[in-house]
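Chemist: My request is simple: use the sequences and hints to build the entire structure.
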Amino acid sequence: MRLPTDFAKIWAFAARSALVNRRNVFAVFEMLFWPGVAIFSVGLLTRFLKLDPETVTFILIGAVTMNTIQIAQLDLSYALLYSVWAKSLKHEFIAPIRLTHILAGSGLVGLARGFLVFVVMGVLSMWFFDMDLSRPGWGGLAIFIIGMFLNAAIIGAAVLALVLRFGQRAEVAAWAFSYLMLLLCGLYYPVQVLPPGARELAQIIPLTYFLEYFRHFYGFPADSAHPLLYGFSQSVIYLLASYALVCYTLKSAYQRGTLLRLSE
Amino acid sequence: MPAIVAQGICKSFRDRPFGPLKQVLHQVDLEVEYGAIFGILGPNGAGKTTFISILATLLRPDQGQARVLGLDVVKDAHRLRERINLAATGAHFLWCLTVEENLRFYGRLYGLGGRSLNARVAELINLFGLVEHRRVTFERLSSGLKQRLALAKALINTPELLFLDEPTTGLDPDMAQLIREEILRLNRETGLTILLTTHNLREAETLCGEVGFLKEGRVLARGRIPELQRRLGLGDRLTIVFQDGLPALDYARLPGVLTHQLQPDRVELQVDRVEERLAAILEAVSQTRKNVAQVRVKEVDLTEIYHEITH
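For the protein sequence lines, the chains are Z and W, in the order given.
Counted the way this note's numbering counts, the first sequence spans residues 238 to 501.
Counted the way this note's numbering counts, the second sequence spans residues 21 to 331.
Rather than coming from a laboratory, the hints here were simulated on the basis of the structure.
Since we're looking at a predicted model, the values are computed, not measured.
We put the CB at the ideal spot given by N, CA and C, even for glycine.
Derived BS3-like pairs: lysine-lysine, alpha-carbon spacing no greater than 25 angstroms straight-line:
1. K166/W to K324/Z
2. K488/Z to K324/Z
3. K488/Z to K42/W
4. K95/W to K488/Z
5. K235/W to K318/W
6. K235/W to K42/W
To give a feel for the contact side, a few chain Z residues facing chain W, derived at Cβ under 10 angstroms:
7. A249
8. P333
9. Y491
10. Q492
Modeler: Next comes the structure, spelled out in structure tokens:
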């Protein structure tokens, strides 16, 4: 490992993602417009339903989580999709790079964009709907944010693997994958209301535990005795598994000629 | 030791999942010396890109072994990638990045940063005449400029070996010529070893010291083009039509003539290089004082060489 050259390679992907986002008007929509629309539509719905402040917070946490994860995972998923769209994949992979450079570089931008979305939505929630984000304290808040980013990284890495296997067709997966996970993890409702079967699936999604942990500060007791233990251990297992999957699909792409096919 | 040694390379692909395997390369062997420009010629679907991709570590062979710059293309792929680069037909880079940003991106992928990156990017931008276009996004560049950027990118890591996959396809003749001159200059001045694929025989003649003919995944012949032409008895076709019958002339001894065929009013000559020999041949004919009605030239093309090699 040669640190200066590794940093340069990581920075290459981070700088590229940042530049593409800067030039893409939709990136602004992704970071500001849609999160704003989400927070206002959900917030106003809770006002119409005359919900108590704790329940409003419960639901707004769901809206903030959903948008933060969506944005944070997108940059990872897009890391290879940009190259697939540009048909430049072979030029990237003929360079002496490793998957960790792609993941770290694009992940950095995802982290920054996700954090910005979290801040924007948090401020709007506090301002317009009296959500009290200070109640869990800095520690609780930091743990929840880390949990969200870990989940975003798992989704992003899994989508990267799909892109390497199926190319542009995997673009849909970048969205579908995270929506499915968010549906099951009790985003706007406690997981107890899920039908049997789905409830068991929720228990193998780490985000379920991070949401439980964060919401317990607002008077909603966690189902599990050790939500952070489950949340972090599952996250580590899934991260390692997704990384192994990406490595496997890359190896398979070298064998099948996928890198060339996606560059034509 | 040669710069490239490939032995018994085989590669198959499936057209569709679970479909039958289609063999694209059959036991391909190749050796390329350091500092050479070697051309792999072949029609579409011959397996040129597959072969060059295996050597460039973008594809793994099913069978066989290849060493490039002394490194195994599978086991030492990562180390090898630091020393090689590739430019391919129809340059494709990220559409919304400028010329300079694209070069910076690829420079960083090779670990360049700070002053060394700035200096290398500036040098390549100057070298390929991209100064005026340095802040133009890739999508707004003409095909010629895109191809120049592709070549600049391929040199960003100062490679010891360059793979060029049909580098002039789709370019107008002037631009293609400019690119060819640049390739020759690079080879001459830096000793860069170049392996290029093309289906343009003239291009191969201009650039390559040696060529290999690939068809349906097999190397059918290899050598220097004039040698191959001579070996195959092939050349450009020169037809001279006379007004009053054929003059008495020893056509076989005319400069560059490989074969000749006589007809009552014309002679058909096969000449190794018509553009170099035409003046001398017409001079010899004019000395017979017979009036020439028509001169027709048809340059030998790859199809003819293929026809000759495969039949």
